[in-house]
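A.B. asks: First to last, the sequence lines map onto chains D and C.
With the first letter of the first sequence counted as 1, position 106 gets the number 106 in the numbering used here; the numbers rise by one all the way through.
Quick note: to get the numbering used here, add 257 to the position in the second sequence (first position is 1).
Wrong hints could be hidden among the right ones.
Said to hold, decoys possible - What follows is a set of in silico ranges between Cβ atoms, one per label pair, in the way DEER data are often shown:
| id | chain 1 | residue 1 | chain 2 | residue 2 | range |
| --- | --- | --- | --- | --- | --- |
| 1 | C | Glu357 | D | Gly212 | 55 to 61 Å |
| 2 | C | Glu314 | D | Phe36 | 27 to 33 Å |
| 3 | D | His256 | C | Glu366 | 36 to 42 Å |
| 4 | D | Ile95 | C | Glu333 | 33 to 39 Å |
| 5 | C | Asn272 | D | Phe36 | 52 to 58 Å |
| 6 | C | Gly391 | D | Phe36 | 53 to 59 Å |
| 7 | C | Gly360 | D | Ala40 | 47 to 53 Å |
| 8 | C | Gly360 | D | Arg252 | 19 to 25 Å |
| 9 | D | Ile95 | C | Lys371 | 47 to 53 Å |
Said to hold, decoys possible - Once the Cα atoms are required to be at most 30 Å apart in a straight line, the calculated DSSO-like pairs of lysine-lysine come out as:
| id | chain 1 | residue 1 | chain 2 | residue 2 |
| --- | --- | --- | --- | --- |
| 10 | C | Lys283 | C | Lys425 |
| 11 | C | Lys285 | D | Lys171 |
| 12 | C | Lys371 | C | Lys408 |
| 13 | D | Lys94 | D | Lys171 |
| 14 | D | Lys172 | C | Lys384 |
| 15 | C | Lys332 | C | Lys436 |
| 16 | C | Lys438 | C | Lys425 |
| 17 | D | Lys60 | D | Lys94 |
| 18 | C | Lys384 | C | Lys285 |
| 19 | C | Lys438 | C | Lys285 |
| 20 | C | Lys408 | D | Lys171 |
| 21 | C | Lys332 | D | Lys154 |
| 22 | D | Lys171 | D | Lys147 |
| 23 | C | Lys267 | C | Lys283 |
| 24 | C | Lys438 | C | Lys408 |
| 25 | D | Lys172 | C | Lys332 |
| 26 | C | Lys421 | D | Lys154 |
| 27 | D | Lys172 | C | Lys408 |
| 28 | C | Lys384 | C | Lys438 |
| 29 | C | Lys421 | C | Lys285 |
| 30 | C | Lys267 | C | Lys408 |
| 31 | C | Lys371 | D | Lys172 |
| 32 | C | Lys384 | C | Lys283 |
| 33 | C | Lys408 | C | Lys426 |
Stated by the list, open to error - So these bits of chain D aren't anywhere near chain C, every CB distance computed over 12 Å:
| id | residue |
| --- | --- |
| 34 | Met26 |
| 35 | Lys35 |
| 36 | Val49 |
| 37 | Tyr57 |
| 38 | Arg91 |
| 39 | Ser98 |
| 40 | Phe121 |
Keep in mind that the hints were calculated from the coordinates and are not lab data.
Built from N, CA and C at the ideal position, the CB exists for glycine as well.
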Amino acid sequence: MNSIIKLNIMQFSLIYLLLIIILAIMKKSKINQMKFLIVASLRMTVQLVLAGFILTYVFKKPHPLFVILYLIAMIIFSIGRVLSKNREINRNFKIAISLSLALSGLFILAYFVLVVVGESFFNPQYTIPLAGMIIGNSMTGVTLGMKTFTENLKSQRNRIDALLNLGVEPKKILLPFVNSALETALLPTMNNMIGMGIISLPGMMTGQILSGTEPTTAIMYQIAIMIAICTSVCLTVFCALNFGYRTLYNERNQIHF
Amino acid sequence: MPNVILETKKLSFLNNIHYQDIQILKDKVNFIVGSSGAGKSTLLRLFNGMLTPSGGEIFYNGQRLTQIDTIELRKEISLISQSVYLFDSSIRDNFRQFYEYRGMEVPSEEYMSKFLRMCQIQFPFDKDCTTMSGGERQRVYTAIFLSFLPKVIMLDEPTSALDKENSKKVIQNIVDFCKEKEISIIIVSHDNQIVDTFAENIIRIGEEGDNE
Chain D
1 MNSIIKLNIM QFSLIYLLLI IILAIMKKSK INQMKFLIVA SLRMTVQLVL AGFILTYVFK
61 KPHPLFVILY LIAMIIFSIG RVLSKNREIN RNFKIAISLS LALSGLFILA YFVLVVVGES
121 FFNPQYTIPL AGMIIGNSMT GVTLGMKTFT ENLKSQRNRI DALLNLGVEP KKILLPFVNS
181 ALETALLPTM NNMIGMGIIS LPGMMTGQIL SGTEPTTAIM YQIAIMIAIC TSVCLTVFCA
241 LNFGYRTLYN ERNQIHF
Chain C
258 MPNVILETKK LSFLNNIHYQ DIQILKDKVN FIVGSSGAGK STLLRLFNGM LTPSGGEIFY
318 NGQRLTQIDT IELRKEISLI SQSVYLFDSS IRDNFRQFYE YRGMEVPSEE YMSKFLRMCQ
378 IQFPFDKDCT TMSGGERQRV YTAIFLSFLP KVIMLDEPTS ALDKENSKKV IQNIVDFCKE
438 KEISIIIVSH DNQIVDTFAE NIIRIGEEGD NE
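Assemble the whole structure, with the sequences as input and the hints as a guide.
C.D. replies: What follows is the structure in structure tokens.
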């Protein structure tokens with residue numbers, strides 16, 4: 001196996017030329033998101049360069065504290081992202097989401113690193129990239145789940161009121177909303193699994209193959225991470241919604257959202 | 258001395274609706290009238306515990322409403338609100354879903370059709386509720402709620418989507434049925450003709466304020 005060709009800055013900058021194609025298409029199609037594309041590309045560049053420097057440093061001087069700090073930062077950032085899209089929900093619901101995201105992600109990560117790979121949890125080479133994939137996907141899943149959940153609640157206010165007026169328990173009324181939001185949140189990950197290997201060579205596997213890993217090893221890691229991601233998404237959304245929906249009604253069985 | 262089933266004392270809601278003391282008579286046809294925004298619908302929602310008063314008390318059969326489990330309360334005091342909800346399926350399936358939510362056996366077709374007829378619905382059970390008019394949906398909804406046989410039935414503007422002829426027939430049928438089953442009725446209505454025809458007890462809300 002050859003090891004990867006290192007890109008020099010000139011070669012690397014050539015990839016940015018592709019953005020011109022997007023800008024041209026946006027202009028032609030009158031999509032008013034050119035500024036957003038530029039900001040997004042710049043932010044991605046700055047964030048990844050920073051991450052690169054930090055990771056280089058952490059890999060050179062591996063210390064449990066760095067791993068812990070990196071994980072905490074990741075979790076706080078992902079919680080912040082989810083909550084910023086759900087500003088109107090109550091405080092306890094926010095706590096339920098935050099704890100579900102943090103604990104489910106850490107649990108799946110620990111299982112992957114400690115049990116499956118058999119490495120130390122504080123080995124940054126494994127823990128940090130795997131945490132990024134697991135927590136990042138859980139964040140997307142819980143955002144999608146919450147969006148579905150709150151949109152359905154709002155659009156079906158009459159259904160909720162009718163059932164309450166009939167003397168149905170809030171739990172019985174809200175659970176179908178919880179279940180359908182969970183289903184919606186899981187579908188993208190499962191669809192991704194269906195197409196994998198045929199339609200797409202997934203990111204992590206591509207990365208490993210580019211850097212010279214045997215494809216068979218890369219495939220095993222990819223399968224493992226996909227199952228870990230799917231489980232983490234499922235667990236996070238399930239816990240967030242199942243603890244969360246209980247905060248929507250009081251002891252007088254009135255539902256507020 | 259008339260038998261009172263619901264009674265309020267110094268009841269208020271959110272400091273902008275203050276009710277005079279109200280008595281709802283048992284097994285009678287009680288009408289609540291008053292200008293819009295006076296708090297008629299709010300009063301119904303206070304009666305079934307969908308809202309909590311900010312001041313004063315409500316008594317149901319002499320017991321403080323706050324001491325009664327709201328789920329049991331809503332099974333006894335049934336509110337048929339103006340915002341109708343039916344599942345996007347047939348009449349039969351709507352009965353089935355509402356009964357399943359209440360954890361009860363789905364009733365026989367004979368039983369269902371008795372209530373549908375009462376509300377002037379003559380469609381087959383397989384009729385899709387999504388293709389019905391607003392008035393028809395309101396009557397199917399009313400039929401389903403009545404079929405649970407509550408002790409008090411509260412109808413919020415039950416004739417708002419009906420023509421005069423239908424309105425009178427439906428209310429007449431409901432009143433006859435409730436008399437037979439000893440169900441107390443509370444109706445919020447703007448329709449003076451309906452009020453004059455059926456009212457046994459009229460409660461006027463918010464009119465003291467209007468005279469000032």
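A.B. asks: Hint by hint, where does the structure go against what was stated? Just the numbers, ascending.
C.D. replies: 2, 5, 6, 11, 17, 18, 26 and 32
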